[in-house]
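*Asks:* Mind assembling these two chains? They're in different frames, but the hints should get you there.
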Amino acid sequence: MSPRRSAPMAGSGLPPAHDVVERALAAAGGESVVIVEDASEAELRFANNTTTTNGVRRDRRVTIVRIRPSPQGPVAGAARRSGIVDVEDLAAAAWHDAEGSQPGEDAADLVAGGPDPDFEDPPGSTDLTVLGGVVAGLSGAFERARGEGTVLAGFAEHRVATTYLGTSSGLRRRHVQPTGAMHLVARSGDGSRSAWAGAGTATFDDVDVDLLERRLAARLEQARRRVDLEPGRYEVVLPPEATADLMVALWEAASGKEAEEGRSVFSRAGGGTRLGDVLSPLPFELRSDPGEPGLECAPFLVAGASGADVSVFDNGLPLGRTVWLEGGRLAHLRYHRAGAARAGVEVAAPVDNLVLELPGGSGSVEDLVARTERGLLLTSLWYIREVDPATLLLTGLTRDGVYVVEGGEIVGAANNFRFNESPVDLLARTAEVGATVRALGREFGEWLNRTAMPPLRVPDFNMSSVSQAS
Amino acid sequence: MTTNGSRRQQREPEREPEREPGVEPGGEGLDPASLAPVVDAALSESARLGCRHAEVRVERIRSQVVRLRDGRVETTADDTEYGVGLRVLHAGAFGFAATVAVTADDAAALAEQATAAAATAARATSRHVELADEPSHGQVRWRSPYRVDPATVPLADKVSRLEEWSRRLLEAPGVDHVTATVLAVVEDKHFANLEGTVATQRRVRVHPVVEALALGRDSFETMRTLAPPTGRGWEYLDGEGWDWDAELAELPELLSAKLAAPSVEAGTYDLVVDPSNLWLTIHESIGHATELDRAMGFEAAYAGTSFATPDKLGSLRYGSPVMHVTGDRTTPHGLATVAVDDEGVAAGSFDLVRQGVLVGYQLDRAIAAEAGLGASNGCAFADSPLHVPIQRMANVSLQPAAGEGPTTADLIGAVDRGIYIVGDKSWSIDMQRYNFQFTGQRFFAIRNGRLAGQVRDVAYQATTTEFWGSLEAVGGRATYVLGGAFNCGKGQPGQVAPVSHGCPSALVRGVRVLNARQESGR
Chain U
1 MSPRRSAPMA GSGLPPAHDV VERALAAAGG ESVVIVEDAS EAELRFANNT TTTNGVRRDR
61 RVTIVRIRPS PQGPVAGAAR RSGIVDVEDL AAAAWHDAEG SQPGEDAADL VAGGPDPDFE
121 DPPGSTDLTV LGGVVAGLSG AFERARGEGT VLAGFAEHRV ATTYLGTSSG LRRRHVQPTG
181 AMHLVARSGD GSRSAWAGAG TATFDDVDVD LLERRLAARL EQARRRVDLE PGRYEVVLPP
241 EATADLMVAL WEAASGKEAE EGRSVFSRAG GGTRLGDVLS PLPFELRSDP GEPGLECAPF
301 LVAGASGADV SVFDNGLPLG RTVWLEGGRL AHLRYHRAGA ARAGVEVAAP VDNLVLELPG
361 GSGSVEDLVA RTERGLLLTS LWYIREVDPA TLLLTGLTRD GVYVVEGGEI VGAANNFRFN
421 ESPVDLLART AEVGATVRAL GREFGEWLNR TAMPPLRVPD FNMSSVSQAS
Chain X
1 MTTNGSRRQQ REPEREPERE PGVEPGGEGL DPASLAPVVD AALSESARLG CRHAEVRVER
61 IRSQVVRLRD GRVETTADDT EYGVGLRVLH AGAFGFAATV AVTADDAAAL AEQATAAAAT
121 AARATSRHVE LADEPSHGQV RWRSPYRVDP ATVPLADKVS RLEEWSRRLL EAPGVDHVTA
181 TVLAVVEDKH FANLEGTVAT QRRVRVHPVV EALALGRDSF ETMRTLAPPT GRGWEYLDGE
241 GWDWDAELAE LPELLSAKLA APSVEAGTYD LVVDPSNLWL TIHESIGHAT ELDRAMGFEA
301 AYAGTSFATP DKLGSLRYGS PVMHVTGDRT TPHGLATVAV DDEGVAAGSF DLVRQGVLVG
361 YQLDRAIAAE AGLGASNGCA FADSPLHVPI QRMANVSLQP AAGEGPTTAD LIGAVDRGIY
421 IVGDKSWSID MQRYNFQFTG QRFFAIRNGR LAGQVRDVAY QATTTEFWGS LEAVGGRATY
481 VLGGAFNCGK GQPGQVAPVS HGCPSALVRG VRVLNARQES GR
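Respectively, the protein sequence lines represent chains U and X.
Read in order, the letters of the first sequence are residues 1 to 470 in my numbering.
Read in order, the letters of the second sequence are residues 1 to 522 in my numbering.
Keep in mind that the hints are not guaranteed to be accurate.
Stated by the list, open to error - Partial selection, computed: residues in chain U whose CB lies under 10 Å from chain X: (1) Arg-45; (2) Arg-60; (3) Asp-425; (4) Pro-459; (5) Asp-460; (6) Val-466.
No lab work stands behind these hints: they were computed from the structure.
It should be emphasised that the depicted structure is a prediction, and the values quoted were computed from it without experimental measurement.
Backbone N, C-alpha and C fix where the C-beta goes; we use that ideal spot for every residue, glycine too.
One chain only, chain X, in its complex shape (with noise of 0.2 Å):
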């Protein structure tokens, strides 16, 4: 190797804190005042181009990624986004430009671009798009909950963390190999369109995950931490809002017992679905299936439609009475909580099943205005300044029961054959969000309303409305924790969205179990 820095290249000389241009002294998110000139070129230059609509959005993206692989540094990336997107409504279609290059000449320059683009699309559009109405909302300050901006915690502090976690694991017995990552993301928005909406807004989410690997004789196997990602800073990693110690503590054991564990046998089993796992199932078979873009055609080509189609609302019977489905970009810590969407609309809540019954859809400004349902509830977002906003998916979560409601020890004692189900892995739904197959983490025997040890190949496997109609009861608060991911993907170009997905432990009864490794025909 060879290391030709002297020890002059190697210091660097003292500098001011680093500063992006429209960045607030104090790193406390965009700038309005400074960004000023770029939103007020883009927009004037839209209005006088004739655009019935303009929305603009500078955005700052700060996205850190550390991993380890047995307690040594493998991947460090640290991004920052910078950039413009200037989204108009002219001659009936929407158009759409966007740079990295954030100044005001540019952003006059996006307005002919967006506008050109809008042409060029208005030469095979066959009906005008509409935007449902909504007011302005003013000048909207905003932040997500967080203590600790995790951009600001040094890389040194950040790989310790995960070597000592690492460390921890990888001295217990039977833990062969660990992988530790730690994701994390500042987002900042300034939004403004030509209604008068001017928000600006920071979110702040991280995502630790711990995994440890045993080898057997002839297999191997895996299991990793449950905690989930959440919109909150470093303080998350510090405990304020996940036990670690205990989680760390529990895993070698729970590993050895799952790689020692029989195969379980393909059936049907009533399941207790832990928190953990069931987020993920939310997610896939009713967040996405309530997406009203996806329901009405628009997204046929890439991510799918959906069997819950608009005629259907307020009479499919999506599950058993105990289900409350609600939407919602208002939760504390939640992936996409927001003040005000990439839109312009307020966050709000609302329902999406209730009492088993298909009741809401999730939706944006000009697909409220396809459905003719008056206005958005707020479900737009891009995940860059470079992306269009499109209808992307709110909190969607399971109400648990109603006053203290039951434990997940009493959903177990109310089996006599079936498989307690924690952690998610392996997932998968059709187009139209009727079948689905996912695994987990871990998998413990039920027999005779107590656990029995783990089993393990685990996938169940069912169809949408026959799984929630299944469900025969829901745990009580005690039982409800928000999960979710960073990476739900949707849209073309591909765009990921974080969302979290909040619900109690559940009991689903007669679900078909398939043995995963006899399924690949050993």
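Okay, chain U solo, but in the shape it has when bound (with noise of 0.2 Å):
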């Protein structure tokens, strides 16, 4: 049975979005920040050669920030509930956790400003049609594993999420961050050779299944011969997708406020940050940039919590190309306002991209590879956790693909193994920088999917042991 095409979109009843931000300040009275997150989905699952879960969704989250006044500082209080929201309840909440509260060390004045000329448009949206190639392109990838004996999995998925803003000062921010996810994994029927392919994407305009498969498909025709390799320190070639997944704990890890503790690898012994100090004889530069050309994401803060270096207070603070690594140095750490002011330092609050880049690097992997005598060609890295934080050691495997290079080409496919390194210490160790592209991190990209990363060369990654995965 065919559905009614005159059948509404569930959620299609949500109140308009810029109203809910004028209810709920309305309904706040006082200073008060309200954050109205509308975002459609779609997805699409598989694995074993055929379609496992999908679906949509529609989602609004509301968020109201209430400030107290008191005599030791201002309080603030913040509430956040989905669906169709009774601001009132919502902003009564928002109060009873300001009175339970205290004054945090985060305290500003509310950013200033006017609105947006789009403000009171409405949402975007997406749905599975956005898919369409992807799946079009599966059907046929699927026969075709199955006459080859191998088998296929993975997952599409695509979001547009539009973001309100509003505050008692006057601001009005609106902003439509479309976000896809493209991974594709081939394994040989018995399970010995395996390998990844990820993209992030905007709109799967630029994603090509067909291109994807036949990457993977050569993959495992380079991974037919074994080598199987004892634990050591390798020189190896990152792909722009490991480097990535690396970059972003690193990132992670760039926290002011624990550096100034004591307790993170940019804690200067003694006491203070490490900022100004060169971690690198390469001149790396490591940002983020709103306006990072194919990454582009909002030009403001949103925050619906306080945390270390995060602010609810600094909900709608402009966001700029921020400069994490400067020629090699440590240039910024993540500051709120306060936090900055206290510190002497400039602010630094997070953007939803990350950029990694030598001035002067060119080649791609493949241009690596061809200048590699011997050495190993990573696909992706995986499970990756701190295991101490005074060095941010960081534990993981290599997964889908370990490739033996010797003499410019890949001659067979190595065990997995079990890596212990910082990234750091690799900024510090790298031979050699390729050009950066935009690349997903296999782990972490579904938290940062906007990231664009160098391939690099490392020539003593430390490989602590081998893993029988496959």
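*Replies:* Written out as structure tokens, the structure is:
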């Protein structure tokens, strides 16, 4: 039976988002901030050469932040609810939160400003039609995989989130953020060989399932010759996707407050932070920028709750190009406005993208492989966890392809390894850097989709033990 | 700081107690009667559209976080997610649709969207999805055992409790910084399917954590409380189920000793693993490895697969004969405990490893049918009304020794050169659950059967079957503790599930121990 075309979309009866902002601000009164995050999502999951779970959803979250004056300083309280929200109740809940809380270290004046011209526009949306090309591509890919004795698995998702932000100081901001990701894994029928490809995208117009499928098929062919290797230190070529996961972990550790407390790799022995220290002899730049071409993201801060270096008082703060590493030096750590003022440094708020680049870096993964006399080409890293915050030592696994390179060519595939490495140390030891391209981290891409990274050559990557996983 | 709020604006008008649509007066969970139009619209429209199966969940999940840093409030968050999700089986494929607009009209629209999603997926479906049969369980009403709903505890009381705990530690010698956090969740689910099961359930869970930091001349150490997350209410913070005073009292001295401790010499050691550490090893190396969806390749792109493949059922030597591992969704205060799962399957318990041999898997209805196993054992869960239910972990537990069994001291007494590992910290395991590496909170050297002070920088690394094959002894019931986590990740889009793992202390021979500082090349 076919669906009735006249049926309304679920959630289409939600009140206009900008109107919710205004009503919530009126209900809250005093100093307050209202955030409405409206999102629609569509996804398709598959495994064993067939689709598994898939669907669509419509989400809306409304957050009210209220500021309670007190003799000790302003106190913020916040509450968030989803769906058709009674803003009077939500405002009361936020106030009760403020009444029960205490002044934090993050208090600051609310960000001032005026309305965005598109503030009253409706939210963006998506649905499964965005994934039509993926579905069509998969249908043929599954058939070919069955014929070749391989097994495909993966996931495609698309989300369009529209944020409306209003403050009692007059600010009205709106931002539409499309986010997509595609993962494809190919495994040989006996499970002994596997390969992964992933891509971040805004529209799926640039995702070619056939191309990804061919790339994986080629990798499975290259893995037919198996080479068993022992643990040890190896020269490796990290593809941009693996670099992305390591750099996201590094960025996550870049909290100014935690560094000041002496509990991070960016703490200076004896007190203070390592701001200004040279972390790499190479002039790396690690940056975030809302205007980064192809990786555009919200140009203002949205914070539903305060943390060590993010503050609800900073909602609406304009975000710009923020350089975390400049010329290989630690240039910024994350600070909210109050923390930055206290520390005497510049404000550095989180931005929803991350780019690592070496000025003049050129060449692709294939170019670096061609210049490798003997080493390993990794595909992706997995289950990455912090072992020692003092050095930012991370552990994790290689996954879905460790290729042995000899004389500039891939000659086979090795077993997987468990690694123990620090991304801070890696930047100091990197021997060669390719061109920066958009790359989706296998593990942390789920959390930070918009990353652009170069391939890296590291001469002595610490493979601590062998993993039997294939 | 501008404070333009007047006194009038600062006072709140008197209001009726907060009540969400569909919530029973008094806050004791969702109200089936008021949600009946929503549920009926979703199911009847699904049936009208020809769906072979349909299940609808209305959920209201309230999550609160309070975090203090050095006794000052850093984070407060109070989030309520309310929505409805519908999964249908149509044209041989699953379709799912969900919305935060919980009305009968929206629920009817969900049926159309879910059916359309199934039709889209069916274009690339190579074999039809089947579900294992499950009878109707009729009307089910259940709530987990708790006494004090944490959502009803005023924020000021929560802050005050964490402030007082922080102060105790900050006043102790050698403590430089303290973070104190409490997470609290009240999860209400109202489920109905075409088979006729209608289940309304409430689960409550809390997880308080306090961590102290000590700075040395050229290094630092942290140590946090061992109190596990639990399916209890605020009474847990009042001492019901955990002795907070005792734990906080011993933390500063243990931390100072850790900071002053020598770095471990890397090598092979016998380990006595405390339940506060072993639960996580069980979670990663047994819990996930015995999920049949993984073992059959349905998580190959994300969470991974499993070395414990179905062809090894009944024959795989998982560990030594003292190893008896169960799965259940019934343990009191267990984080995965329910009455009925998110596919309408009644909760139960089952063996996974018996006398060291793999004998069972965790299942949902689709996987049970795919494997020809007849029936699910109730391991479906969705972490949100907006997410589709998938196979998630039961409470997976290592059973203690029969009878009185050894004490932890007995196990330590059987070791000449080893390490007693307490508390969890870093964890990582590969995508087929072979190779793992764990650290901990406290490491005590064992020499000639006695504890000989702390060491630091310990990480242990092993392959799953070798580790469990070296399990020489498990402690008795008196050593058994129910550990667990709120945040077990799986699936795409990512979902997090709460899960408990009970275990006794255990003696494992000949495990590789790394020095984490040396691993970083320093």
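*Asks:* Report holds or violated for the interface hint on U:Asp-460, using the least CB-CB distance to chain X and a cut-off of 10 Å.
*Replies:* holds, 9 Å
*Asks:* Hold the hint about U:Val-466 up to the distance rule: shortest CB distance to chain X must be less than 10 Å.
*Replies:* holds, 7 Å
*Asks:* Is the hint on U:Asp-425 kept, meaning its closest Cβ partner in chain X is under 10 Å away?
*Replies:* Holds. Min distance 7 Å.
*Asks:* Hint U:Arg-45 vs chain X: min CB-CB distance below 10 Å?
*Replies:* holds, 6 Å
*Asks:* Does U:Arg-60 meet its interface restraint, that is, does its C-beta lie within less than 10 Å of any C-beta in chain X?
*Replies:* holds, 5 Å
*Asks:* Double-check U:Pro-459 for me: the hint is only fine if its C-beta lies closer than 10 Å to a C-beta in chain X.
*Replies:* violated, 13 Å
Hint violations for this structure: number 4 only, all remaining hints satisfied.
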